[in-house]
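Student: Okay, here's what each chain looks like letter by letter:
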Amino acid sequence: MKIYVPRDAAALGVGADQTAQAIVAEARRRGVAIELIRNGSRGLLWLEPLVEVDVGGTRMAYGPVQSQDVAGLFDAHFTSGKPHALSPRRPRQKSRT
Amino acid sequence: MGACARLKALPGALLPILHAVQETLTYIPKDAVPLIARELNLSVAEVHGVVTSITTFSKKRPGRHVVHLCRAEACRRLQRARRRTAKASLGVDFHGTTRDGAITLEPVYCLGNCALGPSLMIDQQLHGASRPSASMR
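Chains A and B, in that order, give the protein sequences. End of the first sequence sits at 97 in this note's numbering; the numbers just go up one at a time, nothing left out. End of the second sequence sits at 137 in this note's numbering; the numbers just go up one at a time, nothing left out.
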């Protein structure tokens with residue numbers, strides 16, 4: 001399973017390396033096979049480090065993910081795209097009048 | 001001056017040489033300026049001008065670590081309290097080095113990380129959204 005963690009300057013500046021290390025360590029501890037891919041930011045900088053999981057061709061995103069959040073994400077089965085407190089919320093739709 | 005021999009054939013070799021000297025020695029010693037000028041067939045004034053106008057280059061030996069605090073608009077908007085904290089906890093002003101020689105505090109005009117400011121850079125590592133507690137360890 002592919003997990004994406006950005007490695008551009010902005011993401012590294014808020015701890016993306018530590019998040020990536022925590023994901024690898026936690027996956028190993030739980031015996032979950034993952035492929036970690038370091039990509040560029042999508043530009044949603046307020047959500048960095050933004051972790052994405054490839055679930056059947058769809059990327060599910062979580063952010064901002066600090067290293068101490070990683071165990072909780074595994075507990076919530078983020079590897080199958082399950083929702084978590086760090087799932088970005090859908091913006092509330094404004095009624096058009 | 002190995003850097004000179006290695007890099008002087010490059011077009012615009014002055015900046016790469018100065019960066020190499022600073023990387024090795026942590027600053028650009030005064031004595032290096034005439035040597036570099038001679039190697040590149042430039043006047044001492046030209047090299048001196050580049051060293052003194054580009055603030056990335058230190059003219060004197062900095063502390064073991066250099067903290068660059070962003071002073072451009074977006075970060076200053078967010079960091080007034082933090083700047084006081086940085087100066088107070090280090091006991092130095094900008095361009096100053098702590099008495100134990102551990103940390104030099106430098107201002108920097110934009111790290112280009114405005115969306116995640118206030119930003120600072122410790123040695124070569126950028127830190128965004130820096131709060132006093134996290135950045136002042």
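None of these hints come from the bench; they were simulated from the model. In this text the structure is predicted, and so the values were computed from the model without any measurement. Beta carbons are placed, not taken as given, at the ideal position from N, Cα and C, and that holds for glycine. Errors might be hidden in some of the hints.
Which residues of chain A face chain B? A few of them, derived with a C-beta cut under 10 Å, are [what the hints assert, rightly or not]: (1) Ala10; (2) Gly15; (3) Gly43; (4) Leu45; (5) Trp46; (6) Glu48; (7) Leu86.
Facing chain A, from chain B, some residues (calculated, C-beta under 10 Å) [unchecked claim]: (8) His65; (9) Val66; (10) Pro107; (11) Gly112; (12) Ala115; (13) Gln125; (14) Leu126.
Student: Look at each hint and say if it fits the structure.
Tutor: Okay, the hints, checked on the actual structure:
1. Taking 10 Å as the C-beta cut-off, the interface hint given for A:Ala10 holds, the closest approach to chain B being about 6 Å.
2. At its closest, the beta carbon of A:Gly15 sits 9 Å from a beta carbon of chain B; the interface hint therefore holds under the 10 Å criterion.
3. Because the beta carbon of A:Gly43 sits about 9 Å from the nearest beta carbon in chain B, less than 10 Å, this interface hint is met.
4. Annotation: interface hint on A:Leu45 holds; nearest CB of chain B at approximately 4 Å, less than 10 Å.
5. At a threshold of 10 Å, the smallest CB-CB gap from A:Trp46 to chain B is about 7 Å, leaving the interface hint in force.
6. Checking A:Glu48 against chain B: minimum C-beta separation of about 7 Å stays under 10 Å; hint holds.
7. Taking 10 Å as the C-beta contact cut-off toward chain B, the hint placing A:Leu86 at the interface is violated, the least distance being around 16 Å.
8. At about 17 Å, the closest approach between the beta carbon of B:His65 and any beta carbon in chain A exceeds 10 Å, and the interface hint on this residue is violated.
9. Nearest Cβ of chain A to the Cβ of B:Val66: about 16 Å, over the 10 Å cut. The hint is violated.
10. Evaluation of the B:Pro107 hint against chain A yields a violated restraint, the C-beta minimum of about 18 Å exceeding 10 Å.
11. Given hint, B:Gly112 at the interface with chain A, holds; its Cβ is 8 Å from that chain's nearest Cβ, closer than 10 Å.
12. A least Cβ separation of about 4 Å between B:Ala115 and chain A falls short of the 10 Å threshold, and the interface hint therefore holds.
13. Annotation: B:Gln125 was flagged as interfacial toward chain A, and the flag holds, the nearest CB pair being 8 Å apart, inside 10 Å.
14. Because the closest C-beta pair between B:Leu126 and chain A is about 4 Å apart, less than 10 Å, the hint holds.
Hints 7, 8, 9, 10 from the earlier list are contradicted by this structure; the remaining hints agree with it.
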